[in-house]
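In order, the protein sequences belong to chains B and C.
Residue 1 is where the first sequence starts when you use the working numbering, and the numbers rise one by one after that.
Residue 1 is where the second sequence starts when you use the working numbering, and the numbers rise one by one after that.
No lab work stands behind these hints: they were computed from the structure.
All of these numbers come straight from a predicted model, not from anything done at the bench.
Among the hints, erroneous ones may be present.
As the list claims (entries may be wrong) - Just a few of them, taken from the derived set where beta-carbon distance is under 8 Å, the chain C residues facing chain B:
id, residue
1, V122
2, I240
3, D263
Yeah, the Cβ is synthetic: ideal placement off N, Cα and C, and Gly gets one too.
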Amino acid sequence: MPVARRSANFSWTRLTLAALRLSGRFPRRWTANRGRSGNASESVDVRLKTILITAFALLIAGCAGHQTQEILGSVVVPTSATEIAGNHSIFIATTRKRSDDPNKVFDGERSATLNYARVNVTVPPIHQTGQIERRSRGKSNDPTKYFMASEAVGYDTQPKFASALNADIDARGGRVMVFVHGYNTGFDDAVYRLTQIVHDSGYPGTPVLFSWASGAKTTDYVYDKESAAAARDQLEVTLRMLAQTGARRIDIVAHSMGTWVTMETLRQLAITGDRDLSGKLGDVVLASPDIDVDVFKSQMRRYGKPDKPFILLLSDDDRALRLSGLIAGSRPRVGDYRDAADLASYGVTVVDLSKVKGADSFNHTKFADNPMMVQMIGQRLREDDGFASDRDVTDRIRQLAAQ
Amino acid sequence: MERFAALGGPRVIVRVEIVLGLAIALAVSGCAGQNAHDLLNRKTITAPASDIAARHEIFVATTRQQATKDPRQVFDGDRSLTTLYARVDVTVPKIHQVGAIERAKGSADANPAKQFTATDVVHYGDAQQFAKAVGADISMRGDRALVFVHGFNNGFDDGIFRITQIAHDTKYPGTPVLFSWASSAKATGYIYDKDSSTAARDDLEATLRMLAKTRVKSIDIIAHSMGTWLTMEALRQLAITGDRDLNGKLGYVILASPDIDVDVFKKQMIRYGKPDKPFAILLSGDDRALKLSSLISGDKPRVGDYGNAADLANYGVTVVDLTQAKGGDGLNHAKFADNPILVQLLGNRLRTPAGLASDEPDPAQLNNIGQGLGKAVGSVAEVVITTPFKVLTIATGG
Numbered sequence: 001m002p003v004a005r006r007s008a009n010f011s012w013t014r015l016t017l018a019a020l021r022l023s024g025r026f027p028r029r030w031t032a033n034r035g036r037s038g039n040a041s042e043s044v045d046v047r048l049k050t051i052l053i054t055a056f057a058l059l060i061a062g063c064a065g066h067q068t069q070e071i072l073g074s075v076v077v078p079t080s081a082t083e084i085a086g087n088h089s090i091f092i093a094t095t096r097k098r099s100d101d102p103n104k105v106f107d108g109e110r111s112a113t114l115n116y117a118r119v120n121v122t123v124p125p126i127h128q129t130g131q132i133e134r135r136s137r138g139k140s141n142d143p144t145k146y147f148m149a150s151e152a153v154g155y156d157t158q159p160k161f162a163s164a165l166n167a168d169i170d171a172r173g174g175r176v177m178v179f180v181h182g183y184n185t186g187f188d189d190a191v192y193r194l195t196q197i198v199h200d201s202g203y204p205g206t207p208v209l210f211s212w213a214s215g216a217k218t219t220d221y222v223y224d225k226e227s228a229a230a231a232r233d234q235l236e237v238t239l240r241m242l243a244q245t246g247a248r249r250i251d252i253v254a255h256s257m258g259t260w261v262t263m264e265t266l267r268q269l270a271i272t273g274d275r276d277l278s279g280k281l282g283d284v285v286l287a288s289p290d291i292d293v294d295v296f297k298s299q300m301r302r303y304g305k306p307d308k309p310f311i312l313l314l315s316d317d318d319r320a321l322r323l324s325g326l327i328a329g330s331r332p333r334v335g336d337y338r339d340a341a342d343l344a345s346y347g348v349t350v351v352d353l354s355k356v357k358g359a360d361s362f363n364h365t366k367f368a369d370n371p372m373m374v375q376m377i378g379q380r381l382r383e384d385d386g387f388a389s390d391r392d393v394t395d396r397i398r399q400l401a402a403q
Numbered sequence: 001m002e003r004f005a006a007l008g009g010p011r012v013i014v015r016v017e018i019v020l021g022l023a024i025a026l027a028v029s030g031c032a033g034q035n036a037h038d039l040l041n042r043k044t045i046t047a048p049a050s051d052i053a054a055r056h057e058i059f060v061a062t063t064r065q066q067a068t069k070d071p072r073q074v075f076d077g078d079r080s081l082t083t084l085y086a087r088v089d090v091t092v093p094k095i096h097q098v099g100a101i102e103r104a105k106g107s108a109d110a111n112p113a114k115q116f117t118a119t120d121v122v123h124y125g126d127a128q129q130f131a132k133a134v135g136a137d138i139s140m141r142g143d144r145a146l147v148f149v150h151g152f153n154n155g156f157d158d159g160i161f162r163i164t165q166i167a168h169d170t171k172y173p174g175t176p177v178l179f180s181w182a183s184s185a186k187a188t189g190y191i192y193d194k195d196s197s198t199a200a201r202d203d204l205e206a207t208l209r210m211l212a213k214t215r216v217k218s219i220d221i222i223a224h225s226m227g228t229w230l231t232m233e234a235l236r237q238l239a240i241t242g243d244r245d246l247n248g249k250l251g252y253v254i255l256a257s258p259d260i261d262v263d264v265f266k267k268q269m270i271r272y273g274k275p276d277k278p279f280a281i282l283l284s285g286d287d288r289a290l291k292l293s294s295l296i297s298g299d300k301p302r303v304g305d306y307g308n309a310a311d312l313a314n315y316g317v318t319v320v321d322l323t324q325a326k327g328g329d330g331l332n333h334a335k336f337a338d339n340p341i342l343v344q345l346l347g348n349r350l351r352t353p354a355g356l357a358s359d360e361p362d363p364a365q366l367n368n369i370g371q372g373l374g375k376a377v378g379s380v381a382e383v384v385i386t387t388p389f390k391v392l393t394i395a396t397g398g
């Protein structure tokens, strides 16, 4: 990472901390006195300040970075297999619109129907576990230095996509991992993140990205939430399609606001009476869930206790979620909730990563950007069916968390 | 340094300005009034019976917590894990003006001779007791129930008084049932409210199913603002269970000023399927509250201020465009209830049970009613109705 970028990071961090400290100066129920307090202008003033701080914090609290948002290099640089560390085929079902800029492939606008694609991504030999080495603006397309998309294929119908997918699933032994990204995530961010997870975890099955239409802007929190809500039926369709392939087992890894889409979809599958995809649903990993705790409980009540407990990864130093909590009325989100036993009673396994180091100051992506964590999760996902090993690996993740 | 260059300077200033604008707008744009949200009086105030126009019994299913800190609020903005049940009796004063809610100022006691007054609250211990009481009332009043689902930034009191005003001004012949979800009743509580309404979906579904098990023949729903999101979610999941019309008992579904993203609404309608009886969407191009929702959700239109009625009608809804009609306040977010002509037109429609009403509003009849009412109130406006089949223009007044 260039030195200049890093120093910029530090400044942003200081600002975030300052913003959080400032917001701490106001009592928890900062507008509770509306209409009753004698001094209306004071309460408006406090509200203004809070909103300003929130806005400021949102400006700098992106879950994703500020790269070019181009998935394909403008020039494809040929590379021989020996020059790269890995080449991964990522299958994609997306509710994003096709971008007018062919290098971006899909953008942040919503499509009325699902679009299907496959993108091949190469991982550079200099890759460090937990990192995504991204090309920044002005740098050359160098697959020996950066994650690079080497090929993008669109499928114009679902049967064509399903048949390509099926061939890949057969070739890889019948396992599928569906990744559902979070808020403020461009198509490129999601493709690279899934590639990194697959690469670092040594996942042997077929990776499928479900990409909903995040605007990829920090100020688009509500737009993103609406896009996520609009994508529920499409995620259900995607999961059902996968269940109809030769896949033996479908694991789901969801992050941040992606856990909201995932829980909604599992909930409605449960309402249809097929909550485990005819027995094919494997692990459900919910990392840093950006879901209101009460909403999550209502979703779990409707789903019922899972046969295989969902795995919740949370961290009470998650700064991105602290912000969501702040704008949601100072209520905890699942991903920074401190009462693990309360959640566990709904049939989930809670893994507290508070003591694990994150790669950035937000601590919102530890599951993937902490090198040990992503490997542990990989190990967990590689374990084949069977409940005997369940406790084992979760215990090991816990031990790591306790170190 | 790239990130500095990209984020520093004018862009930050522009954003800060937007945020400032938002903050000011939020500060002034409550859907509900600036009351203290006290529902009950400190001490009983009596008024001569001749000063009271009517007394309404409002049945309540709520996901709010019982208010312990401010018992006068009865239920507050915190969320309950289970549905709680109650009945609130409200009197309407003789001096009441159609479309208005005459309320006591601040936390003052209400005078029944001048203001809407909650005179009694009954709490039911469980769903069975409530079902029995509401069932008895439904049988007594002629087998119809009206469920009202309030919007964003509403206290428990706001919902109670609004449904009372609607029941009173529309002369609704059945049992009024308020479904009150845990809105924080704060203009800044937008996302808290959205989460509260989402957490209440299963409770609303259970309440509708409970009503359907009584001897009710027709369950009408009026939802307002963010309450339309909750209502559409409950109807959507009823559809997923295969019982989208409550065993044929679902009557009118009226979605007023829907605070739902247009794309999300379309997806909900696709999952629901075209209703047998088109849902009615009441919208207004000058809805200031929804302008704000649009702004914070990335400049995307909300259903309640969407300009393309025909696009919505494709999904099996009837769109009633109230842009030309006057609202009771500067927000134009509750015209359906606070415009005296509109609320009476609504009443004319509601008093015929949905099962007996034709899908196609009769323009001549509506015109007569509208003009009659308009003469009485002295205002002129045009209401444009777009059905899945055609477009009607109704003159109200003149």
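Do the hints match the structure? See the list:
no.: 1; hint: V122; in the structure: violated, 27 Å
no.: 2; hint: I240; in the structure: holds, 5 Å
no.: 3; hint: D263; in the structure: holds, 5 Å
Checked against the numbered hints given earlier, the structure breaks only hint 1 and satisfies all the rest.
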